[in-house]
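J.: So you can see what is in the structure, the chains are spelled out below.
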Amino acid sequence: MALTLRNASVLVIDDFQGMRTMLRDFVRSMGVSTIDTASSGKDAIAQLNANRYDIVICDYNLGPGPNGQQVLEEARLKNLIGVATVWAMVTAEKTPEMVMGAAEVRPDDYLLKPINQVVLETRLSRLIARKHVLAPIEASVKSLNYSDAIAQCDQQLKARVAYPQEILRVKSDLLLAVGEHGAASALFESILAERDVPWAQTGLGKIHFHARQFGQAKEIFQQVLREHTVYMEASDWLAKSCNRMGDTQEAEQVLLEAVKISPNSPSRQKILGQTAYRNGSLDVAQTAFEKTIKIGEFSPHKAPAAYTGLARVLADRDAPYEALKTLALSKLEFKYNTEAAIQTGATESAVYQQMGQSERAESVMADVEKLLEKAAGRVSPEASLEVARALFALGMKERACTLLQDVVRNNHENLEVSESIETLFKDLGMHAEGQALIAQSSGEVVAINNQGVTLAKGGDLLGGANLLRSASAKLPSNEVILINLCGLLIALLSKEGKNHRIASEARELLDRVRVINLGNKNYHVYRAALNRIMGGR
Amino acid sequence: MAQEEISFTDLIASSIHDMKNSLNLQVSALEGIARQSRDKGDLALFQDLGRVIYQSNRMNLNLVELLSLYKLSKSIYPLDITEQSVAEVIEEAVMQNQSMMDFKGIVVSVDCAPDCYWYMDRELVKGVLVNALNNAFHYTRDQIHILARLQDKHLELRVEDNGAGYPERMLVNPDLASEHGVSFETGSTGLGFYFCEQVARLHKNGRKRGALAIENGGSLGGGCFVLRLP
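Sequence order for the protein chains is A and B. Numbering of the first sequence is given in the numbering used here, commencing with residue 1 and proceeding in unit increments. Numbering of the second sequence is given in the numbering used here, commencing with residue 1 and proceeding in unit increments.
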């Protein structure tokens, strides 16, 4: 049954009792009978866990504990709300976070106070109508059926729906996600022919960035920011471009400006901390990491990197005990998270080494290595690099290089990863050695991959597949090997007919690719092909 | 130093947040009492409350304008010029002031195509419209007409009334509107006009900028407030 305002179930979240009652009374007067209220972020999450709501009206400021944005993020992350749920965020003033592109997880709309009943009712009705159009697209996106989502966007655009720009924007994001850069570029250009719209300009910049034309990308992002000072998305991409061009000083400046305008994004503060630390600006780095921890306290996306970053800053400032205290907090915070334990432990070892307590440093590292073994290669490059850095500090160069070789082999086409490994070597005064390691390790993988593909092209599909199978066993996170193996298996299936064992192997490969890189271009193609061959969805 | 400025902004923002909560509750409660008084037939009380609500709305408007101008002056206002449904923006501005119009028996009519979309910062332009409506509320006899139309690649928004119109000296020199100083009698501090001018100026497309004008005449023969956006 299509949702209407009257038959909706509504949750009102506001810490201020007066507002809560007022909003509830407004909703009740609209004829809604199922209304719950929550007086804090925590309370709200409990309610969202217990019930399904069609509409959530949530104040951004919720006093101590998670704020409205964090409640929304947790609800999305844990699927406490569906794609059809309308989320209206109530705020007292316009903030940079409300500008499109500033946050990844967005409410459906922001309502600025003062709110009266007529305004609320009109807005909610419009949001419900808009959901009818957007929810099916969002559902496809959520199940990673990007081509389907793009087709739906086209249908809506053809039907001349209200808010065509919003659909165009969604479509452009999808095109970028599946790597259709030509089509995305054409879309941006067609919009820019009419006027300078910041999201379309920024989109063009992203295309240059992905093509590694960092200079051109940088120029575009700067141009956007000259006209639209608070367009945070352009500012984040500008900092990224500067960093990739090696201009970390400029990146720090860009980020410092950005946090002045919009200080409450943990990821931006964390990147500022890391950039400033590399530049040796310990004051800036410390403030940024502290802020990351503070504003991330109630965020479902919090990660140990801010703690390890802060610990490194403190150790460099001759405050090793403070550093260890920070790491202890991190351990407490991420108790059951192996990856976090690896990252935190590596930093802890480095801090002890800096203190001159080599034995302690080595014993901590031994624990880290045990955890690494347990994780069987499925550790993020970020954590592995942290371990390698600590191993270098301990003088365990060989072990560090072996670890980094694995990281390169598992990510041989990921330029961002190889660049950060290169930087690590550069910082240690071993630039040439690092470059050689990267070239050799990625060369090995390229050779195996090519060999497999050549066999397959020569008609020996099974031989090619077997080669890549043994490679993938050693390189469980190599996206290219995994997806190519999957491609060969699909070719086998279409040649030799349905085979459930091979199909489920291919499915498992797709699942792993999805975890590594949602935007893998072939992922969507292969998924569709597999479904076609095996029938059903 | 920079740190202090940020916390000052936070302080202002959180105070305004608090004040807006109070005003929101106050107006909402007053509207409830007013409805009851009208239903009971106590028209004198109903109209008294109308005047109180009008003042509360003005306070809220001033708070919003002050905070926006403060942020604009510090270049930290999150200006967000995107494609908007013009009819929706007008509708919301009207709804925000509906109760006070009812008290004075003023009829507000709107002429805007439902498929009219234009680029603007929704909140700022709504602020300008609310401001213009507040002004018109004060000077009109009993009608206000809002007209939106696209003309040579501009959106023209007109708020017209059937009052006596602007005095001649203001039409000759519109700057007077922002410079004629504080007058508690008319409730004018120049803030509103200054705010509207800033909003117009911030709307740019290529080399073209938005503009503000005041005229007499229009469809109702009174004062006309005109905002043109490129």
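It is worth saying that the hints were derived from the structure and are not from the lab. All values reported here derive from a predicted model rather than from experimental measurement. Heads up, some of the hints might be wrong.
As the list claims (entries may be wrong) - In silico EDC-like pairs for lysine to aspartate or glutamate, Cα to Cα no more than 20 Å straight-line: (1) B:Lys126 / A:Asp109; (2) B:Lys74 / A:Glu227; (3) B:Lys208 / A:Glu227; (4) B:Lys74 / A:Glu97; (5) A:Lys131 / B:Asp142.
Stated by the list, open to error - Computed far set for chain B versus chain A, every beta-carbon distance over 10 Å: (6) Lys20; (7) Leu25; (8) Ser85; (9) Gln98; (10) Gly165; (11) Glu197.
From the three backbone atoms N, C-alpha and C, an ideal C-beta is built for every residue, glycine too.
J.: Next step is simple, just say for each hint if it's right about the structure.
T.: Checked hints:
1. B:Lys126 / A:Asp109: Satisfied, since the Cα-Cα distance of roughly 16 Å is no more than 20 Å.
2. B:Lys74 / A:Glu227: With a Cα-Cα distance of about 15 Å, the restraint between Lys74 (chain B) and Glu227 (chain A) holds, given a limit of 20 Å.
3. B:Lys208 / A:Glu227: 13 Å, holds
4. B:Lys74 / A:Glu97: Holds, at about 17 Å.
5. A:Lys131 / B:Asp142: Outside the cut-off at roughly 39 Å; violated.
6. Lys20: 5 Å, violated
7. Leu25: 5 Å, violated
8. Ser85: Violated, since 7 Å does not exceed 10 Å.
9. Gln98: Check fails; 6 Å does not lie beyond 10 Å.
10. Gly165: Since the minimum Cβ distance to chain A is about 30 Å, Gly165 (chain B) lies beyond 10 Å and the statement holds.
11. Glu197: 19 Å, holds
Hint violations for this structure: numbers 5, 6, 7, 8 and 9, all remaining hints satisfied.
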